[in-house]
Structures are given as structure tokens and as C-alpha cells.
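Chemist: Spelled out from the first residue to the last, the chains are:
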Amino acid sequence: MNPTKKTTIVLFSGDYDKAMAAYIIANGAAAYDHEVTIFHTFWGLNTLRKDEMVKPGRKKGWLDRMFGRMMPRGADRMGLSRMNFAGMGPKMIKEVIRKHNAVPLPQLIEMAKEQDVKLVACTMTMDLLGLQKEELLEDIEYAGVAAYLGEAQDGNVNLFI
Amino acid sequence: MNPTKKTTIVLFSGDYDKAMAAYIIANGAAAYDHEVTIFHTFWGLNTLRKDEMVKPGRKKGWLDRMFGRMMPRGADRMGLSRMNFAGMGPKMIKEVIRKHNAVPLPQLIEMAKEQDVKLVACTMTMDLLGLQKEELLEDIEYAGVAAYLGEAQDGNVNLFI
Amino acid sequence: MNPTKKTTIVLFSGDYDKAMAAYIIANGAAAYDHEVTIFHTFWGLNTLRKDEMVKPGRKKGWLDRMFGRMMPRGADRMGLSRMNFAGMGPKMIKEVIRKHNAVPLPQLIEMAKEQDVKLVACTMTMDLLGLQKEELLEDIEYAGVAAYLGEAQDGNVNLFI
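Chains as they are written, first to last, in the numbering used here: chain A, 1 to 161; chain B, 162 to 322; chain C, 323 to 483.
Chain A on its own, in the form it takes in the complex:
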């Protein structure tokens, strides 16, 4: 009997295209019956932000408010790792995705949830960037580096994106 294969991805990047790659690999691995976890850390946390304004549970200091305002609110507002052209790049990529019947990032995230890909927000960097649970999507988990390593050390495919 084969043990279940495991895939873990650290999503550090806040780029639309890199997050797409992460979620395409994650969805592929889930379709292959891997147990899949995506750990969202640093700018990768923006993938999990809700797209509406959220009143934070605890009052934020000015630095946290500033980070909150400058970082993109959710997957659909993220920029590209290259050819961003002051925001034109993401529009082009989305047009290209539409034309080629490919799947845009917000739907890739939905697919991942439906396939039970575990979406984890890194609590240490949430704290650092001043992000609170209310600001992030529902149905995600919260953990730190120890939990990540616990999974990755038995992983077949471990990527840092």
C-alpha cells in the first residue's frame, strides 16, 4: 500500500502570476490525490485577503494601517512579477486568461478549497504586516513555521514560490 503523497507550497510571493503557478500546481497535486498545503507567508498573505474593506477587530497602529492600505486587497488585485506596466500587465494577463478559457486566480483558489487543499496563513507574518483574521478569507487555517516543517519533512514535493 502506498502512503498518501504530500505536496507543500510556501507562497511567499504576492505576484498574480506566481500565485497562479502555485495554485495550478496545488490543484494538480490534489487531483493526483496528494495531501496539499499552501502556507501563505509575507506578501503571499495578500492572496487570502478579502476584497472588501474590513473593520479590524483590534485597533491598528499607523504602520499596520499603512501596510494594510498599500498591500493589494485580495488575489484579484495583485500585480505581475514582470511586465506589470503600472497595472496594465494584470489586465492583459486576465484578458489572455479569458480568451484562452484558462482559470483566473480567484477561481483557482475556489477550486483548491473544493479539493480540500489546506490554505494556511502564517501567523508570524500576519502579526508583522498587521493583518487580522477578519481581513482574510473564511475556511483557512492559521499556523507557524513549526507546523509547516511538520508537514514538509514528510512531503514528496516541497516548493517555495
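Just so you know, the hints here were simulated from the structure itself, not pulled from any lab data. Note that the structure is a prediction, hence the values are computed from the model and not measured. We put the CB at the ideal spot given by N, CA and C, even for glycine. A hint or two may mislead.
Unchecked claim - One-sided and incomplete, this derived list gives chain C residues near chain B with beta-carbon spacing under 10 Å:
id	residue
1	Thr330
2	Ser335
3	Asp337
4	Thr363
5	Thr447
6	Leu450
7	Gly466
8	Tyr470
9	Gly477
10	Leu481
Claimed, not checked - DSS-like cross-link-like pairs, simulated, lysine-lysine; straight-line CA separation at most 30 Å:
id	chain 1	residue 1	chain 2	residue 2
11	C	Lys381	B	Lys260
12	A	Lys60	C	Lys413
13	C	Lys413	A	Lys55
14	A	Lys91	B	Lys294
15	C	Lys382	B	Lys255
16	B	Lys167	A	Lys6
17	C	Lys327	A	Lys6
18	B	Lys167	A	Lys5
19	B	Lys260	C	Lys455
20	B	Lys279	A	Lys6
21	A	Lys60	A	Lys50
22	A	Lys5	C	Lys328
23	C	Lys328	B	Lys166
24	B	Lys220	A	Lys91
25	C	Lys413	A	Lys133
26	A	Lys99	B	Lys216
27	B	Lys260	C	Lys372
28	B	Lys221	A	Lys99
29	B	Lys211	A	Lys94
30	B	Lys166	C	Lys440
31	A	Lys94	B	Lys221
32	C	Lys372	B	Lys255
33	C	Lys440	A	Lys6
34	A	Lys94	B	Lys220
35	C	Lys327	A	Lys118
36	B	Lys252	C	Lys377
37	A	Lys6	A	Lys50
38	A	Lys59	C	Lys413
39	B	Lys294	B	Lys211
40	C	Lys440	B	Lys167
Following the hints, put chains B and C in place on chain A, whose structure we already have.
Modeler: Quick look at chains B and C alone, frame taken from chain A:
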């Protein structure tokens, strides 16, 4: 008896220096008798572009033509991930490579081919960026995320670059 | 009896935030009793630079001097992978780190040394960027891609950052 070791690299980046790192690791692993595969996806596909203009097999729409024009045609025209200085950086790096008798990227790709490193172009992102087979190097393979995962799940070293 | 688990990280990036992520994962893995190695290559070598000016052992050519001057001297002077804002970003991140009682990069490196994380400088890229041993921190090791692969092929967690 030891089974053959496997190394897989997802080359997502279109930066000259990151592609160098990918090919140096790949060539090293091949010299170590690993089975090595590089999956070129997104901007990493530019590494595999021919450096001459190619008349596409199928007519391209304007978005595909635009991507085709804006993306570097082949390994030798790619920029650096930092200190690019509007194109001066790559010239400096190439000068440095020459001075130190190191191997520039196009030759690293040749070496990889000679060592039977499998060079794979991701068909999904080829479609997305409007790249056609005629525009890419000869002797490469074409596959999607499923083929990648099939190899990576038995890989000893799996990297995302 | 379980064999010792191994974690290897290729630190290619010269960004403060990415280096933080690398060292946080490395320190976590060391606390988990993994054997941990960080291979610093390309811009990642800047993490290991001493912060004072160092008279090089061998005379440098102009290109090497130029690289030496343009690259940040040590972990504390590196920029961010995004929101760098001409150097304001790192100041903000460091202020945020201080406010949240998190650990800044130079201390993360100290912690790694205390936990016997093996810090390796890639000799090939040292040569390429004109960095000499005198310019790098004490108590580090020097090796090439073969040594990296020797460790990574038995690694449980292998990341490229």
C-alpha cells in the same frame, strides 16, 4: 541497489541570473547521474525561445503578438533579477562571465541537452502567452502540470526557480 | 531509529524579506533537529558580507570593484523584494519587526550559527561577483554545486529562495 536519483526544476523566472542558477544545478545533477527535468513555465519559457524571428504556424491575435514582441527572444536576451540597469546589468554579467571563464546561459543550455537533461515547455502557459512550437528550440518536450507532478513526486530534489 | 532529517536552502535572493524567510525556516528546522544547510549563491551572498569596508586580499579589477560597491554590504543593508520605496521599505519593515518583538535578519543569522546551521558560500558565484573570503563573515564554509547536490539529494525539505 540504489534507484536513480531524480531532480526536477520548475523554471518560472525569465531572469538571466535565475535561469543560470537553474541550469547550473541541472547540469550538476546530471553529472551526478540524476535524471533531470526542467519544466519551463510562464516567463521561463523565454529561455527556450529561438533568437531569430519565426513566422508562427497559426496566425496570432494582437495580444499574443504583443506578448511575443515584448518578451525576450531567447536566453541571451533576458534581463537580470536585480541590477538590471536598463539592460547594462546583463552586459556586465556577461563580461564578468567571460573574464572568469564561466559558462554563459546559451552554452549551459547546450550542455544540458548533451547531458540528456529533459527540457520541457509547459503547454498551458505556451497557450496563455501565445507561444507556438515553431518559436521554441528543437529537441524539447511538451507537457502540462500532470506530467510535472508525475516526476516530482518521486524526485529527490524539487526546486521552483 | 529515524535517520536525521535534512533541510537545505539555496538562498539566491538578495532581498531582506526573502532572506528573513530563509533564516526563519532554517532556524525552525534546526530547532526540529534537522541538519540544516543554507547555500548562499548569487545575490544571496550579500547576506554573508561583513558590514565594514574590507581591504581585499587580492587586488580587484574594475568590474569586481564596481559589483562590490553596488551590492549591499551585509544583511542589514539589503532591500525588500517589494514595497522597497527607494530604501524606505526596509526601514518600515525593521520598525515593524521592532514593534512586534520579531527578530531582525542579523540576529536570525546569529541564531542560525548558534544552532549549527551550516552557512555555505557558493565559490563559483563568489568568483563571478568578485567577492573574496576576507569580505564575508567568519565561521562559514565554502563549496560548489556538487557539495550542494550531495546534501540535497538526501534532503527532506529542499527549497530555492
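Chemist: Now, for every hint given, state plainly whether the structure supports it.
Modeler: Right, here's what the structure says about each hint:
The restraint placing Thr330 of chain C at the interface with chain B holds, with a minimum CB-CB distance near 8 Å, inside the 10 Å limit. The beta carbon of Ser335 of chain C is positioned within 10 Å of a beta carbon in chain B (closest approach about 8 Å), and the interface hint is therefore held. Here the hint on Asp337 of chain C is kept, as its CB sits about 8 Å from the closest CB of chain B, short of 10 Å. With 10 Å as the threshold, the beta carbon of Thr363 of chain C comes within range of chain B, its nearest partner Cβ sitting at about 6 Å, so the hint holds.
A hinted interface residue such as Thr447 of chain C counts as satisfied when its beta carbon comes closer than 10 Å to some beta carbon of chain B; here the least separation is about 9 Å, so the hint holds. Interface restraint check for Leu450 of chain C: the shortest CB-CB distance to chain B comes to about 6 Å, inside 10 Å, so the restraint holds. Using the Cβ-Cβ criterion of 10 Å, the hint placing Gly466 of chain C at the interface with chain B is satisfied: the shortest such distance is roughly 8 Å. For Tyr470 of chain C, the interface hint holds, the least distance from its beta-carbon to any beta-carbon of chain B being 8 Å, beneath 10 Å.
Checking Gly477 of chain C against chain B by beta carbon gives a least distance of about 7 Å; that is within 10 Å, so the hint holds. Nearest Cβ of chain B to the Cβ of Leu481 of chain C: about 8 Å, under the 10 Å cut. The hint holds. Only pairs whose Cα atoms come within 30 Å are accepted, and Lys381 of chain C paired with Lys260 of chain B is accepted, the gap being roughly 15 Å. A threshold of 30 Å between alpha carbons decides the hint, and for Lys60 of chain A with Lys413 of chain C the separation of about 19 Å falls inside it, so the pair holds.
As the CA atoms of Lys413 of chain C and Lys55 of chain A are separated by approximately 27 Å, the hinted pair is consistent with the 30 Å bound. A hinted pair counts as satisfied when its Cα atoms are at most 30 Å apart, and Lys91 of chain A with Lys294 of chain B qualifies at roughly 26 Å. In summary, the hint linking Lys382 of chain C to Lys255 of chain B is supported, as the alpha carbons are separated by about 18 Å, within the 30 Å threshold. A distance of roughly 17 Å separates the Cα atoms of Lys167 of chain B and Lys6 of chain A; the hinted pair therefore holds under the 30 Å criterion.
For the hint pairing Lys327 of chain C with Lys6 of chain A, the CA-to-CA distance comes to about 16 Å; that is within 30 Å, so the pair holds. Restraint check for Lys167 of chain B and Lys5 of chain A: the C-alpha separation of about 16 Å stays at or below 30 Å, so the hint holds. A hinted pair counts as satisfied when its Cα atoms are at most 30 Å apart, and Lys260 of chain B with Lys455 of chain C qualifies at roughly 19 Å. Only pairs whose Cα atoms come within 30 Å are accepted, and Lys279 of chain B paired with Lys6 of chain A is accepted, the gap being roughly 24 Å.
Proximity of Lys60 of chain A to Lys50 of chain A is assessed by CA-CA distance (about 17 Å); at most 30 Å being required, the pair is judged to hold. Distance check on the hinted pair: Lys5 of chain A and Lys328 of chain C sit about 19 Å apart at the alpha-carbon level, within 30 Å; holds. The hinted pair formed by Lys328 of chain C and Lys166 of chain B meets the criterion: a straight-line CA distance of about 16 Å does not exceed 30 Å. For the suggested pair Lys220 of chain B and Lys91 of chain A, the alpha carbons sit about 23 Å apart, so the restraint of at most 30 Å is met.
Using a Cα cut-off of 30 Å, the hinted pair Lys413 of chain C and Lys133 of chain A holds, with the two alpha carbons roughly 26 Å apart. For the proposed pair Lys99 of chain A and Lys216 of chain B, the alpha carbon gap of about 22 Å is at most 30 Å, so the pair holds. Among the hinted pairs, Lys260 of chain B with Lys372 of chain C is consistent with the structure: their alpha-carbon atoms are about 25 Å apart, no more than 30 Å. For the hint pairing Lys221 of chain B with Lys99 of chain A, the CA-to-CA distance comes to about 12 Å; that is within 30 Å, so the pair holds.
At most 30 Å may separate the alpha-carbon atoms for a hinted pair to count; Lys211 of chain B and Lys94 of chain A meet this at roughly 26 Å. A hinted pair counts as satisfied when its Cα atoms are at most 30 Å apart, and Lys166 of chain B with Lys440 of chain C qualifies at roughly 24 Å. Between the alpha carbons of Lys94 of chain A and Lys221 of chain B the distance comes to roughly 18 Å, so the proposed pair stays at or under 30 Å and holds. This hinted pair checks out: Lys372 of chain C and Lys255 of chain B have alpha carbons roughly 26 Å apart, not beyond 30 Å.
For the suggested pair Lys440 of chain C and Lys6 of chain A, the alpha carbons sit about 27 Å apart, so the restraint of at most 30 Å is met. The hinted pair formed by Lys94 of chain A and Lys220 of chain B meets the criterion: a straight-line CA distance of about 21 Å does not exceed 30 Å. At roughly 24 Å between alpha-carbon atoms, Lys327 of chain C and Lys118 of chain A fall within 30 Å of each other, so this suggested pair holds. Only pairs whose Cα atoms come within 30 Å are accepted, and Lys252 of chain B paired with Lys377 of chain C is accepted, the gap being roughly 27 Å.
Only pairs whose Cα atoms come within 30 Å are accepted, and Lys6 of chain A paired with Lys50 of chain A is accepted, the gap being roughly 28 Å. Of the supplied pair hints, the one linking Lys59 of chain A and Lys413 of chain C holds, its CA atoms being roughly 23 Å apart against a limit of 30 Å. Between the alpha carbons of Lys294 of chain B and Lys211 of chain B the distance comes to roughly 10 Å, so the proposed pair stays at or under 30 Å and holds. Taking the CA atoms of Lys440 of chain C and Lys167 of chain B, the gap is about 24 Å. The hint holds against a cut of 30 Å.
Of the numbered hints listed earlier, not one is contradicted by the structure.
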